[in-house]
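Visitor: Read off the chains here:
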Amino acid sequence: MADIPVTLSRAQQITPARYRAPGDLVFKIIILVLSSVVIALAFAMAIILWYEARPTFQAFGFLSFLTETTWDPVAAVHGTWPFIMGTLITSFGALLLSLLPALGVAIFVSEYAPKWVANIINYTVDLLAAIPSVVVGLWGVFIFAPFMRDTFYMPIYLWAVENAPWLEPILGAPSSYNLATATIILALMIVPYTVALSRDAIRLVPREQKEAAWALGATRWEVMRVAVLPYARSGIVAGVLLSLARALGETMAVAMLIGNRNRMPFSLFGPAATMPSVIINEFREAVETLHYTSLMAVGFYLFILTIGINLIASYVQRKLTQQRKSP
Amino acid sequence: MNLQLRYARDRVMLIGIVGLTLLVVVPLFLIIGYVIVNGIGGLNWNFFTQELGSPSRAMLGRPTGLVAAIVGTIIIDLIALAFALPFGIASGIMMSEYPEHPFTPVSRIMVSTLNGMPAVLMGLMAYALVVKNTGGFSALAGSVALAFVMTPIIARSTESVLRITPWSLREVGLSLGLPRWKVTLSLVLPAARPGIVTGVLIAFARAAGEAAPLMLTSFGNNFLTFNVRSPMDTLPQRLYSLAISPYKEWHAMGWGGAIILLLFVMITFFVGRVVVDRMEKRALGLQAMDKPKKN
Chain C
1 MADIPVTLSR AQQITPARYR APGDLVFKII ILVLSSVVIA LAFAMAIILW YEARPTFQAF
61 GFLSFLTETT WDPVAAVHGT WPFIMGTLIT SFGALLLSLL PALGVAIFVS EYAPKWVANI
121 INYTVDLLAA IPSVVVGLWG VFIFAPFMRD TFYMPIYLWA VENAPWLEPI LGAPSSYNLA
181 TATIILALMI VPYTVALSRD AIRLVPREQK EAAWALGATR WEVMRVAVLP YARSGIVAGV
241 LLSLARALGE TMAVAMLIGN RNRMPFSLFG PAATMPSVII NEFREAVETL HYTSLMAVGF
301 YLFILTIGIN LIASYVQRKL TQQRKSP
Chain F
1001 MNLQLRYARD RVMLIGIVGL TLLVVVPLFL IIGYVIVNGI GGLNWNFFTQ ELGSPSRAML
1061 GRPTGLVAAI VGTIIIDLIA LAFALPFGIA SGIMMSEYPE HPFTPVSRIM VSTLNGMPAV
1121 LMGLMAYALV VKNTGGFSAL AGSVALAFVM TPIIARSTES VLRITPWSLR EVGLSLGLPR
1181 WKVTLSLVLP AARPGIVTGV LIAFARAAGE AAPLMLTSFG NNFLTFNVRS PMDTLPQRLY
1241 SLAISPYKEW HAMGWGGAII LLLFVMITFF VGRVVVDRME KRALGLQAMD KPKKN
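Those protein sequences? They're chains C and F, same order as listed.
When we follow this note's numbering, the leftmost residue of the first sequence carries the number 1, and every step to the right adds one.
When we follow this note's numbering, the leftmost residue of the second sequence carries the number 1001, and every step to the right adds one.
Just chain C, same shape as in the assembly:
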């Protein structure tokens, strides 16, 4: 097409659109100011937590507070190591417990189930994510914890005492609220996130890839194994990491079910504590300055842990989408 010389009329030359509409500028500034408050909020969080925790860091040192294993508000000695361990044990335990069931659900709804069954299961699983943590905790306290202790923990423990004494320190005497129950409930609470994210990853697998496997005579499971799962792998990994971040911060149900014991070593059937649970349980009674600032410091470490895992997850996810776009 040949270039057609464009001549603007006088009116257009004099008044470009942006002078005719000062509203645009005003609107943009309002939006900008309001949304920069949200941006500031994220920065403020790090700064406030650090600022409030400063006396603790000054008293114990940034790293020795991390590795100190005693938490004794009466003696004014504070260390966050037991809670970090508690958080990591419950979170990774919950992740291990939930991974296989979550993958099972994701595969079932996206590849096996007829549409209406898949719809029902999707609704149910998403609803599970919507149930308030404190309601799950209530159910755990009154129904699940006593049931688990009487049906599983007691017999296992009694068996171990007689037949495998070396197991005893790992298991510990079963208390009503303990590490194992909290981990199982935590697993139940993060399943919906893992399911939702791996479902999305599996849905991205191209049809041709699956059809190629079918054409080679693969059975349904073999199609899953050779065509679907390898392709969705990095999406599933990102989903698992995001679920891990959820597990780290899950507060109420864990605080109600873990039994709250500040001293290491933790045992499987004995009480323990996590970072959010210690904040919830002790914050309202923290009258001494050092106790208060130490709880803030626990919050600060929790913040760093969560943000670290979120960043890794989004890095994995971004890498995934770039890979898909480039070829």
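In short, the hints are calculated from the structure, not lab data.
Check before you lean on any hint, since a few could be wrong.
[As the list claims (entries may be wrong)] Distance condition first, Cα-Cα at most 27 Å in a straight line; then the derived DSSO-like pairs of lysine-lysine:
{"hint": "1", "chain 1": "C", "residue 1": "Lys319", "chain 2": "C", "residue 2": "Lys210"}
{"hint": "2", "chain 1": "C", "residue 1": "Lys28", "chain 2": "C", "residue 2": "Lys115"}
{"hint": "3", "chain 1": "F", "residue 1": "Lys1281", "chain 2": "C", "residue 2": "Lys115"}
{"hint": "4", "chain 1": "F", "residue 1": "Lys1182", "chain 2": "C", "residue 2": "Lys28"}
[As the list claims (entries may be wrong)] Far from chain C, by Cβ distances over 10 Å, these chain F residues were calculated:
{"hint": "5", "residue": "Ile1040"}
{"hint": "6", "residue": "Asn1044"}
{"hint": "7", "residue": "Gln1050"}
{"hint": "8", "residue": "Glu1051"}
{"hint": "9", "residue": "Gly1053"}
{"hint": "10", "residue": "Pro1055"}
{"hint": "11", "residue": "Thr1134"}
{"hint": "12", "residue": "Ser1160"}
{"hint": "13", "residue": "Pro1166"}
{"hint": "14", "residue": "Leu1169"}
{"hint": "15", "residue": "Leu1224"}
{"hint": "16", "residue": "Asn1227"}
{"hint": "17", "residue": "Arg1229"}
{"hint": "18", "residue": "Glu1280"}
Positions of the beta carbon are idealized from the N, C-alpha and C atoms, including for glycine.
Could you slot chain F onto chain C? The hints should help.
Guide: Frame of chain C; chain F shown alone:
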């Protein structure tokens, strides 16, 4: 490996996958079932009209109820919504309508960071910002903490809803000579309204179920109060203290409170799902219209 073996393995895997699915789905029904069965008996006229008072009140059989918690939840959550709404919606508009602005990527990262933050930390922040500076636990501090929880959820859902509103709508407006702000306010937002409202509702339900930030800010109160500068009761936080209390009568009341919380969350959830599904279907239809037809 022969064919029979491969078929057998296929079948075993199918059974395994169905079993795992049941393992996830069954506990949900268990929880809902137990809450309804145990809680329905506790719901009576007193439950909705009486204050909780001291434990002796329940043990002596005098009328007690959770009216303070129900009223407090409504007050604190509505104030929180008023705080969160302008910031959340504005961030959503920023991220979807001004993709070229250098602030947008920063905004997006920060919103998703805040979205992943545990709610306890929101409580700690509200404590340091509000409770410490105003001299005591208050309902207002609780609202601020819940607003921190709501804002990133509203921002993200608004963004995703605005993005599925068809691009042609904006083009129509711009081609008529409307300035950008008018296109956003009078074309895009109205078209996306059901979705935005749903997102707000979901954020509201999510915050209404949060107990952790409220325990650090609004503290709880056994008596009914309308003063937002004093400690106030809320359902999730009250549920926690009822559940860990040693009184049987309070446990029964806890189950009753759980029903109300659960019902509220489930209703918002289903309303939200229906609206989002419908919007997505409509968006798909309009996107099909966007594409030029091949003759």
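Visitor: Of the numbered hints stated previously, which ones are contradicted by the structure, given in increasing order?
Guide: Hint 2 alone not satisfied by this model.
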